[in-house]
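A.B. asks: Protein chains in written order, with this note's numbering: chain A, 1 to 250; chain B, 1 to 250; chain C, 1 to 81; chain D, 1 to 81.
For the record, the hints were derived by calculation from the structure and aren't laboratory data. Careful: at least some of the hints might be erroneous.
What the hints assert, rightly or not - Interface residues of chain A toward chain B, partial, derived using beta-carbon atoms under 7 Å: (1) 42; (2) 130; (3) 133; (4) 134; (5) 192.
Owing to the predicted nature of the structure, the values given are computational and were not obtained by experimental measurement. Built from N, CA and C at the ideal position, the CB exists for glycine as well.
Here is what each chain is made of, one letter per residue.
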Amino acid sequence: MDNNQLLRYSRQILLPQVGIEGQERLLKAKVLIIGMGGLGSPAAMYLAAAGIGHLFISDFDKVDLSNLQRQIIHRTTDIGRYKVDSARDTLLALNPLITVTPLYQQWNNTNLSAQVAEVDVVLDCSDNLPTRLAINQACVQTQTPLVSGSAIRMEGQISVFRNQLPESPCYRCLYPNPSIPEETCTQTGILAPIVGIIGSLQALEAMKLIMEVGEVLMGKLLWLDAMKMEWYRVKLTKNPHCPVCQDQSS
Amino acid sequence: MDNNQLLRYSRQILLPQVGIEGQERLLKAKVLIIGMGGLGSPAAMYLAAAGIGHLFISDFDKVDLSNLQRQIIHRTTDIGRYKVDSARDTLLALNPLITVTPLYQQWNNTNLSAQVAEVDVVLDCSDNLPTRLAINQACVQTQTPLVSGSAIRMEGQISVFRNQLPESPCYRCLYPNPSIPEETCTQTGILAPIVGIIGSLQALEAMKLIMEVGEVLMGKLLWLDAMKMEWYRVKLTKNPHCPVCQDQSS
Amino acid sequence: MTIVVKFFGSLREEIGKSEVKLTAEQPLTVAQVWAQACDEAPLHHHIWTAVNMTYVDQNTLVQDGDEVAFFPPVTGGSDEN
Amino acid sequence: MTIVVKFFGSLREEIGKSEVKLTAEQPLTVAQVWAQACDEAPLHHHIWTAVNMTYVDQNTLVQDGDEVAFFPPVTGGSDEN
Numbered sequence: 001m002d003n004n005q006l007l008r009y010s011r012q013i014l015l016p017q018v019g020i021e022g023q024e025r026l027l028k029a030k031v032l033i034i035g036m037g038g039l040g041s042p043a044a045m046y047l048a049a050a051g052i053g054h055l056f057i058s059d060f061d062k063v064d065l066s067n068l069q070r071q072i073i074h075r076t077t078d079i080g081r082y083k084v085d086s087a088r089d090t091l092l093a094l095n096p097l098i099t100v101t102p103l104y105q106q107w108n109n110t111n112l113s114a115q116v117a118e119v120d121v122v123l124d125c126s127d128n129l130p131t132r133l134a135i136n137q138a139c140v141q142t143q144t145p146l147v148s149g150s151a152i153r154m155e156g157q158i159s160v161f162r163n164q165l166p167e168s169p170c171y172r173c174l175y176p177n178p179s180i181p182e183e184t185c186t187q188t189g190i191l192a193p194i195v196g197i198i199g200s201l202q203a204l205e206a207m208k209l210i211m212e213v214g215e216v217l218m219g220k221l222l223w224l225d226a227m228k229m230e231w232y233r234v235k236l237t238k239n240p241h242c243p244v245c246q247d248q249s250s
Numbered sequence: 001m002d003n004n005q006l007l008r009y010s011r012q013i014l015l016p017q018v019g020i021e022g023q024e025r026l027l028k029a030k031v032l033i034i035g036m037g038g039l040g041s042p043a044a045m046y047l048a049a050a051g052i053g054h055l056f057i058s059d060f061d062k063v064d065l066s067n068l069q070r071q072i073i074h075r076t077t078d079i080g081r082y083k084v085d086s087a088r089d090t091l092l093a094l095n096p097l098i099t100v101t102p103l104y105q106q107w108n109n110t111n112l113s114a115q116v117a118e119v120d121v122v123l124d125c126s127d128n129l130p131t132r133l134a135i136n137q138a139c140v141q142t143q144t145p146l147v148s149g150s151a152i153r154m155e156g157q158i159s160v161f162r163n164q165l166p167e168s169p170c171y172r173c174l175y176p177n178p179s180i181p182e183e184t185c186t187q188t189g190i191l192a193p194i195v196g197i198i199g200s201l202q203a204l205e206a207m208k209l210i211m212e213v214g215e216v217l218m219g220k221l222l223w224l225d226a227m228k229m230e231w232y233r234v235k236l237t238k239n240p241h242c243p244v245c246q247d248q249s250s
Numbered sequence: 001m002t003i004v005v006k007f008f009g010s011l012r013e014e015i016g017k018s019e020v021k022l023t024a025e026q027p028l029t030v031a032q033v034w035a036q037a038c039d040e041a042p043l044h045h046h047i048w049t050a051v052n053m054t055y056v057d058q059n060t061l062v063q064d065g066d067e068v069a070f071f072p073p074v075t076g077g078s079d080e081n
Numbered sequence: 001m002t003i004v005v006k007f008f009g010s011l012r013e014e015i016g017k018s019e020v021k022l023t024a025e026q027p028l029t030v031a032q033v034w035a036q037a038c039d040e041a042p043l044h045h046h047i048w049t050a051v052n053m054t055y056v057d058q059n060t061l062v063q064d065g066d067e068v069a070f071f072p073p074v075t076g077g078s079d080e081n
């Protein structure tokens, strides 16, 4: 690190849990964030600010006026641009010392697994269950840790799946029957700050994974009830019949 | 609201807890945010995105390189500018339909109370106990609700003080003896996403206060232990000997 | 046996109550707890269930003194246009 | 009487333990619980204390079965230069 970096990151290098070693790990890390919407906005901005060396940001969509109520990485003048272009501009304006790779494509099992295999941590900031299940499968196959967040209505949830550890449940363990009603913010709505809370928590857990400090939410799900402002902490166990992670470990 | 506003805010108007009436309340609301640093950045961005009609943002400081690790409202090219100028630019780029008033002054008891009396809710995003106590005093005097957040190290806390209600504790009730050691991020450090979590929570509680929906953290303190990723919910009671809120109600 | 039943988030608002206390003569599964607490309303398979804050499936048997929680999985997201 | 003592956040890391079980013959205040759990180390007046997750002052008497938590107030912020 040069003096410029030492000063920029000084407020976290000061922490005994980070130090020079922790900051070096962040600078060397590669993180894939899938979705540059409500969750991806704060997650990417905090990881960029903190100095994650290489961010891969993925979204095939364009910025729409109705996104701006909560997707704080985009600006009104970005309407109509690809979200990953708009997001890359914001991230590099925040921290020009990092590398940002925009990914425009839609994923299939093959190209997603190949991309996931390139990174240290994946953040699922997507908006639908089929995509979430595909991301989980790629992370289990490649034994890549996954920080999964979601938010809708006045609710949010986050969990961490350390897919390199045989004792870790995977995201699919939670859905023995994945044919559940689709919910999107288009139909259901979301209060703006909830994505800020969950997306920031995703960035925090990703940094802890990279620096190997503290306890992450492995085998635990935090569930936010924003109307009551209560957090529920639910213990998760590996599903012995899970078609994704059981296949993998046998 | 015109069609442009209806579309921009559609994802929260859809919520039964918000609707047209809730959005109208947000559009009419005036919120004072004291501090455009780590907590003020996400708090202001989410309140601007959600359509709070008039944001008063206060900070007398200028942007420094060491801020950019966590203060995501500022850009690298903003170094040396007043934080409130840099923040105003970001907020209006996010949502040009709102009004943003930058406040550059340092506060004394008189001018702070006068400013607080102008708004519906105050967010304390400041960085030291004397300022926090002065903000509390002004909010108690003017019976203005206060959303108090703070973050340092790997810790954060948030609470809401509804100073118009006689049963509400005030911030000073928590400090029978306010001569406690100063802690700033300059000496102690902070991990970037923690301010994102607490600042977003402050925006959420402010919106619930304005719309009068749900239960806010009155008489409750949420305390985040980011190393263990655990939230503690502590019940607060009014201090019968509090020199600030007891004076007021007698 | 006595069981505390809780409903979280939007499910609480749908059901119209946040907590119910049940007494039962014989062992119940989580699904049967729901039926008794919600006047036989159908329990959709996508609703998550936790016993004493551990995620379980709907056929799990509940013990005396257990707390059973029902809550909606959050699968959506806000990336959409 | 038996008391569970917990240390949160950076205090946990300073003290080097997260939880202690105490037994006592006679009633103790919160401050005395600290002294017994922390080998008579001084309890600074700025440390917050909660009994059964309710904020209390350090002279509060603790009852059998109570959970006593110690945690540092977060007063700082990150607005500084």
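A.B. asks: Each of the hints needs a verdict: does it hold here or not?
C.D. replies: Consistency of the hints with the structure:
Of the supplied interface hints, the one on residue 42(A) holds, with its beta-carbon coming within about 5 Å of a beta-carbon of chain B, less than 7 Å. Checking residue 130(A) against chain B by beta carbon gives a least distance of about 21 Å; that is not within 7 Å, so the hint is violated. Residue-level restraint check for residue 133(A) is violated (minimum Cβ-Cβ distance to chain B is 24 Å; threshold 7 Å). Hint status for residue 134(A) relative to chain B: violated, with the closest Cβ pair at about 25 Å, above 7 Å.
Given the 7 Å rule on beta carbons, the hint for residue 192(A) holds: about 4 Å separates it from the nearest Cβ of chain B.
Going through the hint list in order, the structure does not satisfy hints 2, 3 and 4.
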